[in-house]
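Chemist: Below are the chains, spelled out letter by letter.
There are 2 protein chains.
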Amino acid sequence: MSTVSSTPHAALRINGVRLWNSLMQLAKIGATPKGGVCRLALTELDRQGRDFFVAQAKVAGCTIRIDPVGNIFARRAGLDNSRPAVMTGSHIDTQPTGGKFDGNYGVLAGLEVFQTLNDAGVTTESPLEVVVWTNEEGSRFVPVMMGSGAFIGEFKTDMILAQKDRDGISVGEALKTIGYAGQDKISPKGIGAYFEAHIEQGPVLEAHDITIGVVTGALGQRWFDVVITGSEAHAGPTPMPLRKDALLAASHMVQLINELALDHAPNARGTVGMLDVYPNSRNVIPGSVKMSVDLRADSDATLTAMVDKLKAQAAVIARNGQVSIDLTQVVYFPPQAFAPGLVQAVRSGAKTIGLSEMDVVSGAGHDAVYMARVTPTAMIFVPCKDGISHNEIEDAKSEHLEAGCNVLLHAMLAQAQA
Amino acid sequence: MSTVSSTPHAALRINGVRLWNSLMQLAKIGATPKGGVCRLALTELDRQGRDFFVAQAKVAGCTIRIDPVGNIFARRAGLDNSRPAVMTGSHIDTQPTGGKFDGNYGVLAGLEVFQTLNDAGVTTESPLEVVVWTNEEGSRFVPVMMGSGAFIGEFKTDMILAQKDRDGISVGEALKTIGYAGQDKISPKGIGAYFEAHIEQGPVLEAHDITIGVVTGALGQRWFDVVITGSEAHAGPTPMPLRKDALLAASHMVQLINELALDHAPNARGTVGMLDVYPNSRNVIPGSVKMSVDLRADSDATLTAMVDKLKAQAAVIARNGQVSIDLTQVVYFPPQAFAPGLVQAVRSGAKTIGLSEMDVVSGAGHDAVYMARVTPTAMIFVPCKDGISHNEIEDAKSEHLEAGCNVLLHAMLAQAQA
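Line by line, the protein sequences are chains A and B.
Sequential numbering from 0 applies to the first sequence in numbering that gives the first Met the number 0.
Sequential numbering from 0 applies to the second sequence in numbering that gives the first Met the number 0.
I should point out that these hints are in silico values taken from the structure, not numbers from a laboratory.
The reader is advised that the hints may include incorrect statements.
Simulated crosslink set (DSSO-like; lysine-lysine; CA at most 30 angstroms straight-line) [what the hints assert, rightly or not]: (1) B/Lys-57 with B/Lys-27; (2) B/Lys-384 with A/Lys-289; (3) A/Lys-184 with A/Lys-57; (4) A/Lys-310 with B/Lys-396; (5) B/Lys-163 with B/Lys-243; (6) A/Lys-350 with A/Lys-396; (7) B/Lys-175 with A/Lys-243; (8) A/Lys-396 with A/Lys-33; (9) A/Lys-310 with B/Lys-243; (10) A/Lys-163 with A/Lys-350; (11) B/Lys-33 with B/Lys-289; (12) B/Lys-384 with A/Lys-243; (13) A/Lys-243 with A/Lys-57; (14) A/Lys-33 with B/Lys-27; (15) A/Lys-289 with B/Lys-289; (16) B/Lys-175 with B/Lys-57; (17) A/Lys-33 with B/Lys-243; (18) A/Lys-396 with B/Lys-243.
Please read these numbers as outputs of a predicted model, since none were measured by experiment.
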């Protein structure tokens, strides 16, 4: 058995067919008739998925540890196990009508790296770990990114264990039922680097025909509840100048929110995803509208500038439309830059292998965004068909998944032999 | 007893207190805790309201006839009963959370005219009639304006009698239950003129501080169902230029529809009352929007111009927003001008009495709009508080209701003595 310390193993490649088969095998657990997966967190199907992972990891020679919120850590020993681990992973819970790749790819790509190293007889200096985070999706239990959030101390363990689903079953009860209520106390201090490979869940790579997204960080988010109050009146007898139409004001808000993002291209986002009209009757001028606002940007300075303009322009829209507009912030996630050294490791990995790559930001939340608060972190994106995920038609190409896994291999090797 | 033929009776005035008391008495039948009325068509409460009307009409010396759809005709004989009748009336059914005045005012104002003529010992040349139309509101049974529509032949009687409410009770059954399944065959040919006094249900008279609205006609209406189809995608990972946001396109449509009406001020209307977003989730770019469009104008030429521009601009919005926009017309009511001679009679009535008046159009549907298709017709509007109706807080001033009733008296006298 050779060691990495002196040999860069630049020619090492993962087995794309094995990775694909592994993904398809896991996708059978909770498979839906439309080709997707429904494997909600901490259900019997999730247990089967976890058991599949644990069995594969054991075959790959890993030791398994499980923490009190059910996060699973599969450890591959290094030459010097006093060194902090180089970790990768993601989640295997899905949305109710989810796909085969979201989360699952990051977990199984980690196992494929281990199997590749096994086949090549490589032992790294640092130990390696693959983690399966509990309940990233948040479909059955809130909050989302529960396992990684608890791991880094964002949530107290007791609070997490007490969270209940719609049927009143708590996280703690569900963990016991499926046999994943672990006792291992695992500290983030034992981790030296965290990588997460993931499908992009957006259309950028596909649009640019690029294989590897080098993720430089995650957008910050500020979400608002907006209530617009006008005056309900009959559509027929009420002349246009005498109206206080809440939906007309809302239409200006929707365009404003779009413009706020365009003003800070290319990384800012502005979305109104939810909009409810009252009384929502064909011949009644809407008296009120409730809507959501989701603003994202790569710096707090940009987010602040967007919110300042949102408030100022909302006041103008309210005055012009003779309505009131109330804004309440309901969510704040700070922007999270990833570690430059690890981002460079991902970029170098792609270049070494000869893959097209571009810098991208993660618009969505990921376990990696929490991990970046406690350890150097980076992500690797690969294209997904039409940018679609959280959908049974979610799809990705085998060669892209293979490419991303090769980048993960070399980025981890670079850290683990350092 | 004098006759009208030689004396104009210009000094004759109705009894405003009696009219008000009559309105308040009828409003007790189905009174709601919030001061409104819930008296749905052909219910036991509607029966009580009809009985109240019939009893009052008999006291006033009228003969009562009831047609097969339950319209009630109270006839006050003239000197020459071979002449066509001068008719007035409205409806006494209400919305579920309706007010005291909508419809009820037009009916009781007619009875007050009869009582005033009785007190003054006046018999007109032509016979007079007050009609109570069945189910104008359409809250329990569709279509709206059922009784007047059946009367003029817009709807077949058998079709109307077969219409069912949510509990499966038909109009025919309900009429029998409350004892108002009439047998009288009454032809529109026996009617020489139709007046209807009504609260404005809009804010124009109040805004102009005018007592009498001389209604010159009713707006035509064209309603559309609009379906906007974009592409559902995650708000975070999807950059602004790659979006196909159905709600953003809808926001442009809402503004377009507003502009279409402003382009044809002052009488055109454009309203989006109903708008549903799919999937309506905070962090998902809306994939589709369904919305209603309600266009109204005082001529078919204007309506056509509005619809032509709607279609042309919708195509531009669709192209710019990378979405599809489908428009389907679901309602068409032609514009209805009222009879110039009768409109002038209303205007003259107001001037004779010394009341402020202005020409207005009816933006809403009324039984008078159907009646105008078969007989010379005009309407008299009086202000209602804040333009609000179809609401328990609907309110009107006693002096305005009295003024409108005086105009009705003189407009009817002018026709009945001609």
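Chemist: Now tell me, hint by hint, if it's right for this structure.
Modeler: Hint check:
Between the alpha carbons of B/Lys-57 and B/Lys-27 the distance comes to roughly 21 angstroms, so the proposed pair stays at or under 30 angstroms and holds. For a cut-off of 30 angstroms, the pair hint linking B/Lys-384 to A/Lys-289 stands: about 27 angstroms separates their Cα positions. Taking the CA atoms of A/Lys-184 and A/Lys-57, the gap is about 20 angstroms. The hint holds against a cut of 30 angstroms. Distance check on the hinted pair: A/Lys-310 and B/Lys-396 sit about 41 angstroms apart at the alpha-carbon level, beyond 30 angstroms; violated.
The straight-line distance between the Cα atoms of B/Lys-163 and B/Lys-243 is roughly 42 angstroms, outside the 30 angstroms bound, and the hint therefore fails. The hinted pair formed by A/Lys-350 and A/Lys-396 meets the criterion: a straight-line CA distance of about 20 angstroms does not exceed 30 angstroms. The straight-line distance between the Cα atoms of B/Lys-175 and A/Lys-243 is roughly 44 angstroms, outside the 30 angstroms bound, and the hint therefore fails. Among the hinted pairs, A/Lys-396 with A/Lys-33 is consistent with the structure: their alpha-carbon atoms are about 18 angstroms apart, no more than 30 angstroms.
A C-alpha spacing of about 26 angstroms is found between A/Lys-310 and B/Lys-243, which places the hinted pair at or below 30 angstroms, so the restraint holds. Under the criterion of a C-alpha separation no larger than 30 angstroms, the hint pairing A/Lys-163 with A/Lys-350 is inconsistent with the structure, at around 46 angstroms. Using a Cα cut-off of 30 angstroms, the hinted pair B/Lys-33 and B/Lys-289 is violated, with the two alpha carbons roughly 34 angstroms apart. A C-alpha spacing of about 16 angstroms is found between B/Lys-384 and A/Lys-243, which places the hinted pair at or below 30 angstroms, so the restraint holds.
Between A/Lys-243 and A/Lys-57 the alpha-carbon distance is near 66 angstroms, which puts this suggested pair outside the 30 angstroms criterion. With a C-alpha separation of about 59 angstroms, the suggested pairing of A/Lys-33 with B/Lys-27 is violated against the 30 angstroms cut-off. Distance hint between A/Lys-289 and B/Lys-289 is fulfilled; the C-alpha atoms sit about 17 angstroms from each other, no more than 30 angstroms. The hinted pair formed by B/Lys-175 and B/Lys-57 meets the criterion: a straight-line CA distance of about 22 angstroms does not exceed 30 angstroms.
With a CA separation close to 24 angstroms, the supplied pair A/Lys-33 and B/Lys-243 stays within the 30 angstroms bound. Between the alpha carbons of A/Lys-396 and B/Lys-243 the distance comes to roughly 24 angstroms, so the proposed pair stays at or under 30 angstroms and holds.
In the structure shown, a violation is registered for the earlier hints numbered 4, 5, 7, 10, 11, 13, 14, in ascending order.
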